[in-house]
Amino acid sequence: MKIFITATGNDLNSKYDERFGRAKAFMVVELDTMQIEKYMENENLNAGHGVGILTAQIAIESGADIIIANRIGPKSMSVIKGTGKKIYQAEGSTIKEVIENYKNNKLEEITS
Amino acid sequence: MKITIVSGKGGTGKTTIATNLAKLINNAFYVDMDVEEPNGRLFLKPEIVNEENYNVMIPEINEDKCNYCGLCANNCAFNALSIIKSINNALFFEDLCHHCGVCSYVCPENAIKEVDKCIGKINYGKFDSKNINFIEGVLNLNEATGTPIINGISRLLNEEKVYVLDAPPGTNCPVVSAINSADFIILAIEPTPFGVHDGELTLEIIKGTNKPCGVVINKYSNENLDRFINNNELNILGKIPFKRGIAERYSKGDLLIDMNGDLRNAFIAIIKNINKLNSREIRWKEQ
Numbered sequence: 027m028k029i030f031i032t033a034t035g036n037d038l039n040s041k042y043d044e045r046f047g048r049a050k051a052f053m054v055v056e057l058d059t060m061q062i063e064k065y066m067e068n069e070n071l072n073a074g075h076g077v078g079i080l081t082a083q084i085a086i087e088s089g090a091d092i093i094i095a096n097r098i099g100p101k102s103m104s105v106i107k108g109t110g111k112k113i114y115q116a117e118g119s120t121i122k123e124v125i126e127n128y129k130n131n132k133l134e135e136i137t138s
Numbered sequence: 063m064k065i066t067i068v069s070g071k072g073g074t075g076k077t078t079i080a081t082n083l084a085k086l087i088n089n090a091f092y093v094d095m096d097v098e099e100p101n102g103r104l105f106l107k108p109e110i111v112n113e114e115n116y117n118v119m120i121p122e123i124n125e126d127k128c129n130y131c132g133l134c135a136n137n138c139a140f141n142a143l144s145i146i147k148s149i150n151n152a153l154f155f156e157d158l159c160h161h162c163g164v165c166s167y168v169c170p171e172n173a174i175k176e177v178d179k180c181i182g183k184i185n186y187g188k189f190d191s192k193n194i195n196f197i198e199g200v201l202n203l204n205e206a207t208g209t210p211i212i213n214g215i216s217r218l219l220n221e222e223k224v225y226v227l228d229a230p231p232g233t234n235c236p237v238v239s240a241i242n243s244a245d246f247i248i249l250a251i252e253p254t255p256f257g258v259h260d261g262e263l264t265l266e267i268i269k270g271t272n273k274p275c276g277v278v279i280n281k282y283s284n285e286n287l288d289r290f291i292n293n294n295e296l297n298i299l300g301k302i303p304f305k306r307g308i309a310e311r312y313s314k315g316d317l318l319i320d321m322n323g324d325l326r327n328a329f330i331a332i333i334k335n336i337n338k339l340n341s342r343e344i345r346w347k348e349q
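Chains as they are written, first to last, in my numbering: chain H, 27 to 138; chain G, 63 to 349.
I should point out that these hints are in silico values taken from the structure, not numbers from a laboratory.
No residue lacks a Cβ here, since even glycine has one placed at the ideal position from N, Cα and C.
One thing to keep in mind: the hints can contain errors.
Unchecked claim - The following label-pair restraints were derived from C-beta to C-beta distances:
| no. | chain 1 | residue 1 | chain 2 | residue 2 | range |
| --- | --- | --- | --- | --- | --- |
| 1 | H | N72 | G | K305 | 29 to 37 Å |
| 2 | H | E126 | G | N272 | 54 to 62 Å |
| 3 | G | N286 | H | K122 | 56 to 64 Å |
| 4 | H | K122 | G | D157 | 36 to 44 Å |
Build out the structure end to end from the sequences listed, making use of the hints.
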């Protein structure tokens, strides 16, 4: 199971990024091993419009099975929805904490 | 000649200045470019003689032809298209679209057709005239931006006539469009912290155009705008006093030039000052 999460830094002790489209970076983490499979700086930070849509595409193409973020806009939502991938509301501070919370079924699914 | 009236903060007096000038200047047109909330008609009370729908072009994707290659989305400068090949899904976000047509141009499968989408209206009318001298853009509710209508109105205007353009408030794309067509810019400002703050932002846009510009101070009292005026080396075209009586007449939809001789003269002074800064002379109606 691979998790896509918005990140402020390149290790698991970094805070997750509360922004989706304009997050500093993105991470794909393998749940079982807690290995960081991918770390990607957000290249679309300076785009004027539609960064949520681009981020949604990055999330889909990252190969992750689920997405964890703090709130997600309606446009990004509609891009992800069609793929059937589930989105969960992040709770916690560091990426590690957020993922632990997911493991312990503490995160709620975002559906709209 | 096109005189555009801008502000920054809303409610500083753009429409007050624009409607009074349009009525006072000989054979002038009033053009309402505040398409989200056009209200010049409340003061000029024109007879509307023609209403035209205003259309933009948006893409229509034929999913029978689309192979989800993503070339359209990659070329869209505004990220208005999202193509997800893994699930054969093409999404179009209309409010991000700027109607450039690049998606249909680059599509190798000829799967994108541009179609008309009505976003509002341009209305034509007359006040105090046998000929059309009132033009008004109206944006439909729920539309993301009125910029296309403002650009559409700009294309209707010629060099020969005098147009008074009532711009939208703020410092956004619609304002830039309204300023683009101007030969002369009037910055309406009020002596409040908010008014000065937003006026300074608008001034940044004006300075970038190198167009002649002057300031009309509305709701003028003894509050000090000297530092703002001097720091920015601005020409003061005129002052409209802060008086309860003016607000009362305004609330009834009356024009200030019809209120008394002093106010009429204040607007004549504005025209004279524009003439000093501009090569083409504008004439006003004698009473």
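Going through the hints against the structure:
no.: 1; hint: H:N72 to G:K305: 29 to 37 Å; verdict: violated (48 Å)
no.: 2; hint: H:E126 to G:N272: 54 to 62 Å; verdict: holds (59 Å)
no.: 3; hint: G:N286 to H:K122: 56 to 64 Å; verdict: holds (57 Å)
no.: 4; hint: H:K122 to G:D157: 36 to 44 Å; verdict: holds (38 Å)
Comparing the model with each earlier hint shows a violation of hint 1 alone; every other hint is respected.
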